[in-house]
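**Student:** Below, each chain spelled out in residue letters.
There are 4 protein chains.
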Amino acid sequence: MSHNSFGHLFRVTTFGESHGPAIGCVVDGCPPRIPLTEADIQHDLDRRRPGQSRYTTQRQEPDQVRILSGVFTDEKTGVQMTTGTPIGLTIENVDQRSKDYGEIRNKYRPGHADYTYDVKYGIRDYRGGGRSSARETAMRVAAGAVARKVVPGLLVRGALVQMGPHRIDRSRWDWDETGRNPFFCPDAEAAAFFADYLDGIRKKGSSIGAVIEIVAEGVPPGLGAPIYGKLDADLAAALMSINAVKGVEIGAGFEAAALTGEENADEMRLGNDGKPLFLSNHAGGVVGGISTGQAVVARFAVKPTSSILQPRLSVDRFGAETDVVTKGRHDPCVGIRAVPVGEAMVACVIADHFLRHRGQVGETMPWPMD
Amino acid sequence: MSHNSFGHLFRVTTFGESHGPAIGCVVDGCPPRIPLTEADIQHDLDRRRPGQSRYTTQRQEPDQVRILSGVFTDEKTGVQMTTGTPIGLTIENVDQRSKDYGEIRNKYRPGHADYTYDVKYGIRDYRGGGRSSARETAMRVAAGAVARKVVPGLLVRGALVQMGPHRIDRSRWDWDETGRNPFFCPDAEAAAFFADYLDGIRKKGSSIGAVIEIVAEGVPPGLGAPIYGKLDADLAAALMSINAVKGVEIGAGFEAAALTGEENADEMRLGNDGKPLFLSNHAGGVVGGISTGQAVVARFAVKPTSSILQPRLSVDRFGAETDVVTKGRHDPCVGIRAVPVGEAMVACVIADHFLRHRGQVGETMPWPMD
Amino acid sequence: MSHNSFGHLFRVTTFGESHGPAIGCVVDGCPPRIPLTEADIQHDLDRRRPGQSRYTTQRQEPDQVRILSGVFTDEKTGVQMTTGTPIGLTIENVDQRSKDYGEIRNKYRPGHADYTYDVKYGIRDYRGGGRSSARETAMRVAAGAVARKVVPGLLVRGALVQMGPHRIDRSRWDWDETGRNPFFCPDAEAAAFFADYLDGIRKKGSSIGAVIEIVAEGVPPGLGAPIYGKLDADLAAALMSINAVKGVEIGAGFEAAALTGEENADEMRLGNDGKPLFLSNHAGGVVGGISTGQAVVARFAVKPTSSILQPRLSVDRFGAETDVVTKGRHDPCVGIRAVPVGEAMVACVIADHFLRHRGQVGETMPWPMD
Amino acid sequence: MSHNSFGHLFRVTTFGESHGPAIGCVVDGCPPRIPLTEADIQHDLDRRRPGQSRYTTQRQEPDQVRILSGVFTDEKTGVQMTTGTPIGLTIENVDQRSKDYGEIRNKYRPGHADYTYDVKYGIRDYRGGGRSSARETAMRVAAGAVARKVVPGLLVRGALVQMGPHRIDRSRWDWDETGRNPFFCPDAEAAAFFADYLDGIRKKGSSIGAVIEIVAEGVPPGLGAPIYGKLDADLAAALMSINAVKGVEIGAGFEAAALTGEENADEMRLGNDGKPLFLSNHAGGVVGGISTGQAVVARFAVKPTSSILQPRLSVDRFGAETDVVTKGRHDPCVGIRAVPVGEAMVACVIADHFLRHRGQVGETMPWPMD
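Respectively, the protein sequence lines represent chains C, L, H and G. Numbered according to the numbering used here, the first sequence spans residues 7 to 376. Numbered according to the numbering used here, the second sequence spans residues 7 to 376. Numbered according to the numbering used here, the third sequence spans residues 7 to 376. Numbered according to the numbering used here, the fourth sequence spans residues 7 to 376.
Since the hints were made in silico from the structure, they are not lab data. Take the hints with a grain of salt, since some may be wrong.
[Stated by the list, open to error] Simulated crosslink set (DSBU-like; lysine-lysine; CA at most 30 Å straight-line):
#1 H:K281 x L:K82
#2 G:K281 x H:K333
#3 G:K333 x L:K82
#4 G:K333 x H:K281
#5 C:K82 x G:K333
#6 C:K82 x H:K333
#7 H:K82 x L:K281
[To be verified] Stretch-level coverage of chain H by chain C, calculated; a stretch enters the list once three of its residues show a Cβ under 8 Å from a Cβ in chain C:
#8 144-151
#9 292-305
[As the list claims (entries may be wrong)] Counterexamples of contact, computed for chain H against chain G with all Cβ distances above 10 Å:
#10 P68
#11 D238
#12 A271
#13 L319
Beta carbons are placed, not taken as given, at the ideal position from N, Cα and C, and that holds for glycine.
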């Protein structure tokens, strides 16, 4: 990860501000001959798109992605495929209404990157948060749509498992349910509760945090490059880089601190196929930085949206004290739309490690048992 | 972070196994003319060294570091200084007693990287965990000792804030206390409790997890390179890469999920010096991936030591089911010795970002208020 | 350099094929507050643009660059400036006439990347060379226009110094002359000769190679990061990566092989300002991989255009032998348009090293004489 | 390439000065299960070792390499193999005799990096050239010995093809001859001439340059990652990074500038195996940055040794003008010992690209003809 790029062999670079002409990204190092169309990417973008319920911002961002390069129609099959060259993607910014930015142009909104961008660079595009806007995450989702196709059999899904202090009941977990409510919540009862709860938050002009869980199934064992290229270390960076994320954990995570060695051990037996079988997954699918073949499970905490109607104390760039009230269209719980973003980041990291592993070790696992 | 290296301008590469001839590291990109002796590094290594109390492994690892390159005695001052060229460091492994590894040579110890290394590489040095041994962290501490000297005024300190389910009382926090008890615990009463608690764990042949907090003071505002080079993203990767770490959080961390926007906002006033002053630090010193000038606060969860005397179910590399009991000298709470390691990783990340920021923006902050 | 990116702190990533919808690039890590407009970039692009004389391809590529991100108008001064965030640039491809690609669709043109792309990726965009087209170099020139502004006082100029076997007379070197003839040739007499010579080549349906020299003045001493980040090593890679380049040399270059140590030594005296003064520049401004403060001088050899009207033996992708004749609009000496491309690559490498040096050492040179 | 590392998946980091305690390197990312012993590496080191004839420096450097990590004895076969973890190597410096460095301690020797290191870092280890000493190249050779084993069937050989203005006769090329004379010269008659010629140079206290050619056979087609990860661009950087190198060319190189398109085209026919066959190799085995399957041919120019007995004008670090005469044990033609170094660099680059290609595309070439 450096500047505005991440990944080694599957490498993603993004650019663009919230209210500039367009945002975009370059996906470099993608294997050739993978079927890819704009519709494939659009499908994922539409899951992240705002304005789909009253619980997300009402901004209209059609988010129509355009593939500028890196694909070509194979003549034998008539299928549009990746060519192995960089995939350039852009989304034009269409809802850049000429706002009055007087409120935030010179004021540092608490919790936003206004102050830190100014103190670092001495200049910033304040319109809609500029580069620090969550709008950038659309390009992560686009890159993730490509990444999902790189690893055969990979399935990456995300769910909101906590809103404010309220956790879901994991015994009611139903992946299908995540597609039925506006919260990506796998627990139907919790989703019903969240609807009322979040209405209350929204009406107060307040906001609330959330915890998101990403589960990646079909991850081959052996991915991850110790010591500083550990799969979980790269996942941690990828998820922490999402706007508003303040914590990341793998498997049992912070709960592991309270466990004894006996409790935390994932015991092993042999499965019917003669391959090792784990009896639990406290590890979250990663041991010693390398995937075990179990599901990779990561969780991240999203802080409450910083844009709220409650006035907060602040200062301005001229060195005066002031108050800030953020009007406009904002997500009362920005964690909701972080679900597809989290999925995308996990998919990108796994795709990168899939290629890195294949590079170092080759396609055939040198399984010692054989 | 890639393979066995991390950092961009201040770049650390480590090598070596637990029971090979030596472990080592290369610190590349260090600024020139920084005073540096073996004693500087040894001081930090001695804090991590095992065998200093009954709560850590009784292995004897004198961990004498040797500087092989990258320093020279300045003729004007007579002071040994860095030259800007790579600093090569090694520590010979002296306590490699010829053990009977029969128990673990062919068995996969649950929670250890035995299985994943074998499934990835088809071969592994099983002696003492080989490359996946926590012994490697000695080189992180050595590199961290160099990193601490790169940023003027930087002070990085760590503390154990939770052992098993027991948290310290933060109102009793005393940094001096961390040097007085064998747990790096800033709460004297908690430390006394931990002594008894851990004796119980140890006598049962069990182990327990912990949570460590690292606080970096004197971090200049403006460090961090959005979007994928965020300071907190790099901290997350650096801390997650430490052996046995399963979770990382910045500032309020996972607690932020339960907060409202009003509660979470770090309001700003002007200090007596006319500079912005934050009234709280839920952000943990990082907003939008860039340091605010407040203390950078990171926390990480360490799982219980996987090596325990309790038998666990497992399989071996020949495809048979078996039991594993790990005898020998092990830390009942490996989180304790992770404290200086966590400090070192935070120091390295901050040093790297200090140089990266200076590269892009220069030494004078382009402060917009002026 | 990796995949489609180069540079460490000043990092350029390009994408796009000759006949896709657009080509583009991302310039990441640029310092903030540097004045930058589309006109600044367009100026350099126009120097590379084809169709400006009968000696370059008659394709019409207006090459209108569009800045999508990374700039903002400073409110105090009204000047559009870089913000330190990634600069996204695109050029729409407008002259993508629907050609009959029957000739090259399935045939491997000798000297072109047709065969190697197919053998590597199993699929390629054959239209106009696809990703391997020299069209990609437009984005290098765009990035170079930004790079030129990063290093205060930097002046990078290029010249054609040999066409076919004919070298210019260096005693007639006049930089102004390079703007007056269509060959970027600094020797007016040679330029007149080249006009006739190249007409002959063109009329025969043949093509010819060239040697280009790039001179960078105003390069501060101390740039370059030994051992593998040497300034000249990075220049060599950057120039060799330009389409059709087969050789690179610094200073005396291959001539140095024939010199004795006495002849090759650049002796030093003190200048009137008390600073070291070199009496010659066989080194080309780089010693031990670090800039001396003298002009950095690099030269590169460009092979003759592979697209010629003369039939050549080849094979096709179905495994049959065939002949190839490349019709259409091609440069008889592709080396001519490589001049601004070479300048751009040198400017990018120097800008990157300027930032890297500032990162490691700071802004004040630790000059030992003081 | 950055700082003191190069390569992406097969990554080499070196450290150490000429007169420090030891030099060393870390080879990271090497595939597992490759047989490797110290003797394998020593064999290559001995070819580079000085003091083997009167034509190279008389310093005694036994250059005994020590493998500190990254290998383990496979229990099934009893063979010591790589484990996929970083291979740490060191060579102790044994001939660090306590010299009088008065002559060069404060004087800047023309052609040496004395001045540039001082101007960059403000401090340098002047003993024997410190970090800029050609002694560092021993570690390149060691890394190259590992690299040679990574690509099945790879054969990398080097030869001196020019000394001073005198070129060999290529019609007499005999690879076996390179092992029979002290110049790695493939032309026995030229070698006999060089013996007398270099004696003359040496006796005058002078020195002379050379041109080295490296030929890599068995390079699979498809290696190289356009646009900025071209195989030839990486070769150019790798070779230019060798001490004293001033020029690099691939295939026809600078001669290509004088050729027409017809002459330069490498025509293709089908071989008896139905695979493409090239009728010539002006390309040097690389087209569009990707290997063709032909031999990869690179050449580099080495300047004359800067250490000569002839006095040269210079300045010192106190700002005074002075003369420099370099006494001591030096190679009259440093190009000779650059032959195994060039081989090693080419092997490392090819190994890296072999792994990178396998990562992106997999082990089976997606050959379009099938």
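**Student:** Indicate, hint by hint, whether the structure satisfies it.
**Tutor:** Now the hints, each set against the structure:
1. H:K281 x L:K82: Holds, because 21 Å separates the two Cα atoms, which is no more than 30 Å.
2. G:K281 x H:K333: Answer holds: G:K281 to H:K333 is near 27 Å, not above 30 Å.
3. G:K333 x L:K82: Holds: G:K333 and L:K82 sit about 26 Å apart, inside 30 Å.
4. G:K333 x H:K281: 27 Å, holds
5. C:K82 x G:K333: Violated. C:K82 to G:K333 sits at ~70 Å, over the 30 Å cutoff.
6. C:K82 x H:K333: Holds, at roughly 26 Å.
7. H:K82 x L:K281: Holds, at roughly 21 Å.
8. 144-151: violated (count 0)
9. 292-305: violated (count 0)
10. P68: Correct as stated: the minimum Cβ-Cβ distance to chain G is 23 Å, above 10 Å.
11. D238: 5 Å, violated
12. A271: Contrary to the label, H:A271 does not stay out of reach of chain G, its closest Cβ about 4 Å off (not over 10 Å).
13. L319: Given that some Cβ of chain G is not farther than 10 Å from that of H:L319, nearest at about 4 Å, it is violated.
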